[in-house]
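J.: Listed below are the residues making up each chain.
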Amino acid sequence: MKVQLENLTKRWGSVVGADHINLEIDDGEFVAFLGPSGCGKTTTLLMVAGIYKPTEGYIKFDDRVVNHLAPKDRNVGMVFQSYALYPHMTVLQNISYPLKLKKVPKEEMKERAQRVADMMGIGHLMDRKPAQLSGGQQQRVALGRALVKEPNLLMFDEPLSNLDARLRLSMRGEIKRLQMELGITSIYVTHDQVEAMTMADRIAVMKEGKLQAYSPPDELYDQPRTFFVAAFVGNPPMNFVDVEVVREDGDYHARREGFDLIVPSDQGEKAVGKGSVIMGIRPEDMTLADEGIAGEIYVVEPLGRDDLIDVRIGGASVYVLADPTLHLKIGDPVKLNFDAPKVQFFDPETEQSLLWTD
Amino acid sequence: MTLRQRIGPAIPYALLVITVLPIVVGYFWLVLNSFSARTEGLLPVGGLALENWSFLRETPFGRGYPSIWRVTLNTFLVAISMTIAVVLVSSLAGYALSRLNFPGRKSFLSLTLILHAFPSVTLLIGIYFVLRTLKLYNTVLGVGLVMIGFELPFGIWLMKGFFDNVSWDMERAALIDGASRLRVWWEIIIPTIKPGIAALAIFAFISGWNAWLIPKTFTIGAGQQATLSVYLENFQGDTVAVQWGTVTAVGLFQLIPVAIFFLFTQDLLLSIYAGGAKGGA
Ligand SMILES: Nc1ncnc2c1ncn2[C@@H]1O[C@H](COP(=O)(O)OP(=O)(O)OP(=O)(O)O)[C@@H](O)[C@H]1O
Ligand SMILES: [Mg+2]
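Chains as they are written, first to last, in my numbering: chain A, 1 to 358; chain B, 1001 to 1281.
Simulated from the structure, these hints should not be mistaken for laboratory data.
From the three backbone atoms N, C-alpha and C, an ideal C-beta is built for every residue, glycine too.
Fair warning: there could be bad hints in the mix.
Unchecked claim - Examples of chain A residues lying across from chain B (beta carbon under 7 Å, computed):
1) ALA49
2) LYS72
3) ALA84
4) TYR97
5) GLY314
6) GLY315
Put together the whole structure using the sequences plus the hints.
T.: Spelled out as structure tokens, the structure:
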């Protein structure tokens, strides 16, 4: 099922939950809503589910406006962060509750619930109460309950954030595989960018109720359209340095005190003559080298596979990934080689990208 | 094991025993006295006797006074109707206060709390005039309404606390699963707060069972309408000497259902305080 949000807005008095959100989700697509806490992800989701009434705008399923439909008439499934299982019901009763409400005959109900439970690997737990299950098992029951009525749209609200790291990793893969097999259009809310990047076909980045970007993961990563997106996506995060771009002898230079980098003309010509601009560069797009821009190590943070080092260049500071076997120490002088085609430029006033605008 | 290690764990128990002792002694005396002809201090004088319990067979006050069984039935009916009314109104009002946003919700809530804390004795005279104006003075209905009214602030506040503890997500999940609002309330929310409802029911029952002040004041007092507490008071007549033996026996008799209740519902009663405290904030 195709889902469209048009100018979707939710306000409570002066509090804005979602602010004129426009996006379209194709049939069978897996979309992640990504953003910091309080940016309106849950609000948007609950409007799509029919729990909240939009203040403004439209929700369309397959080009049909569904604003007025009650949740039960939308045929959507939802998995909550808190699982929201019914504590007084067994697993079987939990999973079959949506079918019971649809007045599916008893035998068929049991059969379908069992099939979904088997698919989720909890088929042997049908007689237990939720309190007798582990967090991961509860999560599967919640997923089973959302799936059993064969919804046209599946929604997840931070479904994995209560699980430990290892389980999160395996559930991530399972949810993704399940979604692809069943081909159900899905919205997945998370503030974990790794989840969003690995699972989603497209990511909608939100901030303070507004849609900041809506694009496939790699594009989001390589061509961030706003400063916020650039800063939010990626771990360790992108480095930002205030520079001025000038043209000299046909080359574009990004300059500040103690810093001079020649950037490709594609980028340079868009940032030149704009006064002070924000230059962005990801930690993995710089390397320690024999030649390059000189700096001094300020902090070394071992991450295991890499060391994350904070290098001071003049008054600026950038994080760089380095080989731990180099045994770098605080105070060591280093030289940085920039992968110049990877730099980003942002307007400090509007916080929009100077490179990726339409 | 050193002496200290042996004594250490015993200290809390010793303290508990010391605190509880007066209460235990009190109950012990009550039981003992009801089965004795006379007591001196904690010792029965003249051996054990069953005559104090003769009120079970015939009323000690002669003709015109109801039998103890009639009085017990009255008390039971008062307590049961009170339980049903309080639970029903509290759980509906508590749900509304917890979940719905309506004008006046805040002030209603604080009013409920104030009323709960209000010493009801101070209202007696006012209520007397109200009842008389409404021609409800000296009727079972009038007394019932007042008693329910006094119990409701506590009940509503308590139920609101329990509803507050039911996650919104669960309610939303049920709505998305396809249930109507009323069905969610009945099939999902009420079952999850069953302990709260049971506990409130017990509280309401006991306070109806033990009620004295209000039945006494707006009386269904003496005669055929009497409840146990009021009946008990007949023993303290001005003209005859008080028969303490019989008083203790009737008191003990009144205590039996309450004691049984407490025995079976201790866990629930504990959860009411836990739940109420969490939700009341
Ligand atoms: N029922 C409500 N009444 C008033 N304001 C609300 C309500 N629900 C949400 N808000 C506000 O709307 C904004 C968005 O909230 P929302 O729950 O959608 O955030 P979120 O992106 O899901 O955050 P999180 O990652 O913490 O779950 C917040 O500022 C929140 O305070
Ligand atoms: Mg949320």
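J.: Now, for every hint given, state plainly whether the structure supports it.
T.: We went through each hint and held it up to the structure:
A least Cβ separation of about 5 Å between ALA49 of chain A and chain B falls short of the 7 Å threshold, and the interface hint therefore holds. With a cut of 7 Å, the hint placing LYS72 of chain A at the interface with chain B holds, because the nearest CB-to-CB distance is about 4 Å. Checking ALA84 of chain A against chain B: minimum C-beta separation of about 4 Å stays under 7 Å; hint holds. Interface restraint check for TYR97 of chain A: the shortest CB-CB distance to chain B comes to about 5 Å, inside 7 Å, so the restraint holds.
The beta carbon of GLY314 of chain A is not positioned within 7 Å of any beta carbon in chain B (closest approach about 51 Å), and the interface hint is therefore violated. Annotation: interface hint on GLY315 of chain A violated; nearest CB of chain B at approximately 48 Å, more than 7 Å.
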